[in-house]
Amino acid sequence: MTSTTSTPSPYRWQRFTTAQRLVRFVAYLGTVAVLVWAVRDLDIYWPWVWDAPVQIRDLFVRMSPPKLTGLVPIGQALIETVHIATLATVLSLLLALPTAYLAAQNTTPHPALLWLARLIVVSTRSVNTIIWALLFVAIFGPGVVAGILAIAFRSIGFVGKLMAEAIEEIDKRQVEAIEATGAGRGKVVLYGIVPQVLPAFFAVAILRWDINIRESTVLGLVGAGGIGLILQGAIDLFDWQTVATVLIAILGVVVLGEFVSAALRRRVL
Amino acid sequence: MSVASPAARRTWRRPPAIANPYLRYGLYGLIAAYLVWAVTSLQVSWERVVQGIPRAVTIFGRALPPDFSRRSLLVDGFVESIQIAIIATFLGVLLSVVLGILAARNVVPRAVYLVGRAIIAVARSFHPVIVAIIFVKAVGFGPIAGILTLIVYSIGFVGKLMAEAIEEIDPGQVEAVRATGGGFLKVLAYAVFPQVLPRQVGLSIYQLDSNLRASAIVGIVGAGGIGGTLTNAFKRFDYDFAFAILIVMIAIILVSEALSGRIRKGLT
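Protein chains in written order, with numbering that gives the first Met the number 0: chain R, 0 to 268; chain Y, 0 to 267.
One chain only, chain Y, in its complex shape:
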């Protein structure tokens, strides 16, 4: 350092994120190689991309102005989506409580815990649309498939957080109830639930908001709600009606998000 010329000392350079230059350039090289591999292995037809641009102009041209004239179709679709979300949230949260208990290490035997965790992990891993398409095939088109889908979706999220909440409870209260001779159900009712209930209410409201978003899309594969109306509008090239649906959808999601945030803030 002392031998460096004054000019060299004066130019400061930003320290790189990774100090070791071999590792740094090696990593950059790897990332670049991966990107090249990914781009070249995907069969992208650039002509079609170029052809798409005038088509995009046409579609947006036809989408404007949005067409709100088919109001009954619009309202019915959204009401159905909201109803699906409400029923699914209620049933999903109830089941999540059960699964949350089964998946909490500190209240059930290890074998039960593993099964509970596995169910929750599977429920979490599948996108609601995939679950919906399976349920549509199993129970037919319509809102039942949508409700079942969102129940699975709720279990994946609420069940997981519920299990984590139960694992974090104060064991003292559990011991106290056990010491009085309380059985498993008494322990749950008097030691576990009072500790996790406030969290559970907040989670349910959050999940209602999530389910509302998801209920708008499960209809794309025929599971009821506004999604079906939207797909049909797209397929029939009614882009102005589709755009109207999208605008209402965004508005409902924003209102629901704001409401759910407000209520959850009020709870705590």
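With the rest of the complex left out, here is chain R:
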């Protein structure tokens, strides 16, 4: 940085250094290259793409106005959908808490169990609800049992992961204090760990219930109960006005679920 060099070049402000600009340029180039590859390699039938706006508009025209008959079965199916979500959430909490206990580094009794629990968490979380539903429909036949199990299994990983993280973050002095009184393992968990993770537990349970309501609306598409069954039936019959009614009903129940969970969160936390 010799300041005595020749005529100062006209100062030009630049937000990024050359290296930064180079990195950005490479990133942009990479993005464009990947995008071009995806578009060119994908099996797209272009006339359908140009036709899509017309077709979508046409579908909306056929959907309106929503049909107002057959509201009773739709209402019953909605209640069933909510029941599936709630029961599945309860079941998943029962299954996920022991998993979380084993999957937390500071409470797991044995490293092998730690890895087993983590395997359960990862695999249940990565397989989507609808894929679980396919599996359980194949096992138990179409119906709500398959739906409840599908949502519960998917939730195990989610709840288990978050609760294991909560357990790993607890203040270990409280645990030591209980241990110092000579309490057994059960008492240590009950008085040393549970009170510390209870807020996280409620938060996770409410969050998952909210997500599960949304998830349970699609179970019927693979035969696992709930409102999706009516949706699939109406689509198969090209009864678009009923489809519109069902979609509005789903929107309503999801928004309602969001309100209820927001209210619960304010109350409990």
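None of these hints come from the bench; they were simulated from the model.
Cβ atoms here follow ideal geometry from the backbone N, Cα and C, with glycine treated the same way.
Hints may be right or wrong, so weigh each one.
Capping the alpha-carbon separation at 27 Å, the derived lysine-lysine pairs in DSSO-like fashion look like this [what the hints assert, rightly or not]:
id : chain 1 : residue 1 : chain 2 : residue 2
1  : Y       : Lys234    : Y       : Lys136
2  : Y       : Lys264    : Y       : Lys159
3  : Y       : Lys159    : Y       : Lys185
4  : R       : Lys160    : Y       : Lys159
5  : R       : Lys186    : R       : Lys171
6  : R       : Lys66     : Y       : Lys136
7  : R       : Lys171    : R       : Lys160
8  : R       : Lys186    : R       : Lys160
9  : Y       : Lys264    : R       : Lys160
Ranges of calculated distance between the beta carbons of each label pair, as one might list FRET restraints [unchecked claim]:
id : chain 1 : residue 1 : chain 2 : residue 2 : range
10 : R       : Glu167    : Y       : Gln42     : 50 to 56 Å
11 : R       : Leu21     : Y       : Arg263    : 20 to 26 Å
12 : Y       : Gly181    : R       : Gly251    : 39 to 45 Å
13 : Y       : Pro53     : R       : Val38     : 44 to 50 Å
14 : Y       : Arg54     : R       : Val71     : 30 to 36 Å
15 : Y       : Glu163    : R       : Val193    : 31 to 37 Å
16 : R       : Gly29     : Y       : Arg235    : 37 to 43 Å
17 : R       : Val25     : Y       : Gln50     : 54 to 60 Å
We have chain R; now place chain Y onto it with these hints.
Below, chain Y alone, put in the same frame as chain R:
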């Protein structure tokens, strides 16, 4: 307290979560009643559940060992899913920027804001599979329906967070650009975007990861990608092939999650 016997004083009980006993037992009663209602109102056929257990054993027996021999089918399906996710993320994020602006209270008039918020709320409320089944009916089977579905899915998430990010910006910069006589587009370009762009890049990468997960399932209703292959394997009772698809799916999701987390950490 002073009149309590020494023995009573020594036994400590954990304070209950809800102090008022009437409220507490009332709540427990309500929860129990709800659970009973829910379980009894759902038509559960227990015989079928019992019959299912040997069937589960058969299915898992047939799923092992996983069959990776139909490699081309497997690879093609996943490549298509990944391509759908990439295109949908690009278009979805672009549209989310527009909708994010329309749904930010501090940069647009109230009427526009309400419309923007409503679009985002609707996009968020529907599960991608439901959106996919509608698009499949509208534009036919194949990846186009999948791309459209994931665009809607991206708008619901990125659009919402984008709008929230714009609402949280420093108004000083907006005022400064306005004071120089800059119009709406100038305000966006020089005062709004520079403040939300870092967040936007992170969000896009996160959404790419989410779209990759979702692209694996929209195929179940015919919207392209590996989901279709998986459903077919299930329907044809090729459980060993289905299991192979699932294993690859979990692996891809884990790698994508780790990569996306790594990149987002590197950005900030």
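Okay, the hints, checked on the actual structure:
| no. | hint | in the structure |
| --- | --- | --- |
| 1 | Y/Lys234 with Y/Lys136 | 21 Å, holds |
| 2 | Y/Lys264 with Y/Lys159 | 22 Å, holds |
| 3 | Y/Lys159 with Y/Lys185 | 23 Å, holds |
| 4 | R/Lys160 with Y/Lys159 | 25 Å, holds |
| 5 | R/Lys186 with R/Lys171 | 15 Å, holds |
| 6 | R/Lys66 with Y/Lys136 | 19 Å, holds |
| 7 | R/Lys171 with R/Lys160 | 19 Å, holds |
| 8 | R/Lys186 with R/Lys160 | 23 Å, holds |
| 9 | Y/Lys264 with R/Lys160 | 20 Å, holds |
| 10 | R/Glu167 with Y/Gln42: 50 to 56 Å | 42 Å, violated |
| 11 | R/Leu21 with Y/Arg263: 20 to 26 Å | 21 Å, holds |
| 12 | Y/Gly181 with R/Gly251: 39 to 45 Å | 43 Å, holds |
| 13 | Y/Pro53 with R/Val38: 44 to 50 Å | 48 Å, holds |
| 14 | Y/Arg54 with R/Val71: 30 to 36 Å | 34 Å, holds |
| 15 | Y/Glu163 with R/Val193: 31 to 37 Å | 34 Å, holds |
| 16 | R/Gly29 with Y/Arg235: 37 to 43 Å | 39 Å, holds |
| 17 | R/Val25 with Y/Gln50: 54 to 60 Å | 59 Å, holds |
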